[in-house]
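Peer 1: Listed below, chain by chain, are the residues.
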Amino acid sequence: MISFSPEQTKRMAAELAATLHGGEVIALVGDLGAGKTTFVQGLCEALGVKSRVTSPTFAILNVHKADGLTLKITHLDLYRIKSAREIVALGLEEFLGAPDTVTVIEWPDVVDGVQWNPTITVSLRTLSSQERDIIIAYANEGGLLSAKHA
Amino acid sequence: MRILGIESSCDETAVAVVGGDDDRVFVLKNLIASQAALHAKYGGVVPEVAAREHIDAIFPLLLEAGIARDGSDVDAIAVTAGPGLVPALRVGVEVAKTLAWVWNKPLVAVNHLEGHLYSVMLDEAGRETEPVHPIVFPALALLVSGGHTEIVLMKDHGIYERIGATRDDAAGEAFDKVAKLLGLGYPGGPAISKTAEQGNPVAIDFPRPMLESGDFDFSFSGLKTSVGVYLREHDADLTLDPLLSKERGTRSGSVSVADVCASFQAAVVDTLVTKTLRAVGKYRPASVILAGGVAANRALREALAAGCGDPAYCVEFFVPQIRYSGDNAAMIAAAGYFRALRRDFVDPLSLEADPNMRLV
Numbered sequence: 000m001i002s003f004s005p006e007q008t009k010r011m012a013a014e015l016a017a018t019l020h021g022g023e024v025i026a027l028v029g030d031l032g033a034g035k036t037t038f039v040q041g042l043c044e045a046l047g048v049k050s051r052v053t054s055p056t057f058a059i060l061n062v063h064k065a066d067g068l069t070l071k072i073t074h075l076d077l078y079r080i081k082s083a084r085e086i087v088a089l090g091l092e093e094f095l096g097a098p099d100t101v102t103v104i105e106w107p108d109v110v111d112g113v114q115w116n117p118t119i120t121v122s123l124r125t126l127s128s129q130e131r132d133i134i135i136a137y138a139n140e141g142g143l144l145s146a147k148h149a
Numbered sequence: 000m001r002i003l004g005i006e007s008s009c010d011e012t013a014v015a016v017v018g019g020d021d022d023r024v025f026v027l028k029n030l031i032a033s034q035a036a037l038h039a040k041y042g043g044v045v046p047e048v049a050a051r052e053h054i055d056a057i058f059p060l061l062l063e064a065g066i067a068r069d070g071s072d073v074d075a076i077a078v079t080a081g082p083g084l085v086p087a088l089r090v091g092v093e094v095a096k097t098l099a100w101v102w103n104k105p106l107v108a109v110n111h112l113e114g115h116l117y118s119v120m121l122d123e124a125g126r127e128t129e130p131v132h133p134i135v136f137p138a139l140a141l142l143v144s145g146g147h148t149e150i151v152l153m154k155d156h157g158i159y160e161r162i163g164a165t166r167d168d169a170a171g172e173a174f175d176k177v178a179k180l181l182g183l184g185y186p187g188g189p190a191i192s193k194t195a196e197q198g199n200p201v202a203i204d205f206p207r208p209m210l211e212s213g214d215f216d217f218s219f220s221g222l223k224t225s226v227g228v229y230l231r232e233h234d235a236d237l238t239l240d241p242l243l244s245k246e247r248g249t250r251s252g253s254v255s256v257a258d259v260c261a262s263f264q265a266a267v268v269d270t271l272v273t274k275t276l277r278a279v280g281k282y283r284p285a286s287v288i289l290a291g292g293v294a295a296n297r298a299l300r301e302a303l304a305a306g307c308g309d310p311a312y313c314v315e316f317f318v319p320q321i322r323y324s325g326d327n328a329a330m331i332a333a334a335g336y337f338r339a340l341r342r343d344f345v346d347p348l349s350l351e352a353d354p355n356m357r358l359v
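Protein chains in written order, with numbering that gives the first Met the number 0: chain A, 0 to 149; chain B, 0 to 359.
Simulated from the structure, these hints should not be mistaken for lab results. Computed from a prediction, not measured in an experiment: that's the story for all the values here. Among the clues, some could well be false.
[To be verified] Among chain A residues calculated to face chain B with C-beta under 7 Å, some are:
hint, residue
1, A16
2, L31
3, G32
4, F57
5, A58
6, L60
7, G90
8, L91
9, S128
For every residue, glycine included, the Cβ atom is placed at its ideal position computed from N, Cα and C.
The whole structure should be built from the sequences, with the hints applied where relevant.
Peer 2: This is the structure in structure tokens:
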């Protein structure tokens with residue numbers, strides 16, 4: 000699907016959000032400025048998060064909670080990570096795949112030797128200053144991801 | 000009063016001892032794991048993203064700082080309780096709680112951003128030069144780092160109002176990511192400023208995002224994208240992939256990297272300074288504080304200092320010494336000192352790290 004604006008990218012994220020139940024691990028793939036954080040903003044807004052969703056590049060991990068819901072959105076950004084050891088030190092096992100958590104991972108493939116097995120992979124590609132090509136792929140449909148991440 | 004400060008909210012593990020005397024603070028010890036030669040002495044390597052591994056550095060730092068084993072030379076303990084990365088924060092918080100409990104000393108929970116505000120008051124004990132003087136209230140603070148970009152009104156010690164903040168990327172993050180786009184490495188904020196000195200700040204007209212938004216919020220994500228789009232349009236082989244870009248040199252064909260750096264930096268500085276001065280016009284503070292890692296950026300320091308000196312504003316300007324602008328524990332101890340003066344202590348048995356801790 001082609002998005003022609005950040006607003007449209009957010010609407011696409013909202014459509015995905017409507018299908019989430021908790022426990023999903025969503026991989027976000029795309030170059031700098033492709034709209035990954037914008038996508039997560041749309042996702043969080045649609046899930047009822049009222050607080051501001053900003054880039055987690057520096058913090059590595061931001062946790063957002065929807066008002067009145069038990070669902071948490073854990074927004075992870077591995078851009079700064081340089082080794083699998085650093086990922087282990089983050090203690091992700093505490094929430095990854097937990098039934099009350101939707102985990103979104105930006106830059107999942109930045110480090111070799113880590114297998115994520117995401118349930119959903121969102122790929123964003125910059126076509127021009129405003130246009131983005133966005134592909135949403137499910138792990139259980141077509142087996143594309145299992146082949147890639149096996 | 001002597002305060003032991005502990006900081007482990009993100010990448011840095013740090014321990015400091017700060018003395019407080021009335022409304023002044025002086026640094027007695029200030030140790031940062033990434034800068035201390037600890038591994039030769041105590042073993043272990045501190046990774047760049049420390050998280051749980053802060054635990055490997057914190058006791059060697061306490062030893063290195065010469066803290067008495069019975070805590071007899073410490074009057075209170077101040078620790079960063081948030082915001083930050085939970086597994087990282089927890090290390091400092093649990094160590095501070097344990098020491099407070101065992102030594103029976105009061106414990107102060109400090110917000111990391113509050114620490115940065117107090118960094119402008121830090122100076123070593125016994126310096127011959129003019130001592131750094133206390134913050135004049137109300138102070139309007141521009142907090143800029145890799146993780147934060149906010150304008151905060153500090154009405155008095157511990158009394159804050161948030162005026163504005165970034166809606167997406169922090170200014171420091173924009174610097175680091177543009178550096179990556181240019182093949183200057185990551186984090187590359189300092190490399191951008193250095194390269195910018197050779198460039199023309201008006202060569203490329205990058206956007207000044209949200210300058211006319213009518214509020215005091217910022218947005219730097221679009222500026223980063225603008226630089227990326229510019230580079231792609233002017234240099235077809237410049238990659239946007241961080242995995243590949245590290246192999247590139249710092250010269251990229253027809254585009255002068257120095258001009259890109261200078262023009263990008265000018266856009267960031269212009270946006271930060273213009274919005275901060277507008278907030279000064281609205282809130283009429285007695286002083287302006289520039290703090291956080293990006294406060295080390297010379298162009299920003301000079302532009303904001305000049306703005307504060309303008310007859311239209313004429314406010315006192317506070318900025319930390321360069322060595323206290325990045326994350327450190329002395330600033331945590333300093334903020335803790337002023338909380339300790341107000342007897343604003345927390346229970347060592349129940350304190351928990353708060354990744355989303357707010358100043359207000």
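Peer 1: For every hint, state whether the structure bears it out.
Peer 2: A quick look at each hint next to the structure:
Against a cut-off of 7 Å between C-beta atoms, the interface hint on A16/A is violated, since the closest Cβ of chain B lies about 19 Å away. Evaluation of the L31/A hint against chain B yields a held restraint, the C-beta minimum of about 6 Å falling below 7 Å. A hinted interface residue such as G32/A counts as satisfied when its beta carbon comes closer than 7 Å to some beta carbon of chain B; here the least separation is about 3 Å, so the hint holds. Interface restraint check for F57/A: the shortest CB-CB distance to chain B comes to about 3 Å, inside 7 Å, so the restraint holds.
At about 5 Å, the closest approach between the beta carbon of A58/A and any beta carbon in chain B falls short of 7 Å, and the interface hint on this residue holds. Satisfaction of the interface hint for L60/A is found here, the shortest Cβ-Cβ separation to chain B being roughly 6 Å, below the 7 Å cut-off. Evaluation of the G90/A hint against chain B yields a held restraint, the C-beta minimum of about 4 Å falling below 7 Å. The beta carbon of L91/A comes no nearer than 9 Å to any beta carbon in chain B, farther than 7 Å, and the hint placing it at the interface is violated.
A hinted interface residue such as S128/A counts as satisfied when its beta carbon comes closer than 7 Å to some beta carbon of chain B; here the least separation is about 5 Å, so the hint holds.
Figure legend: structure checked against the earlier numbered hints; hints not met, in rising order: 1, 8.
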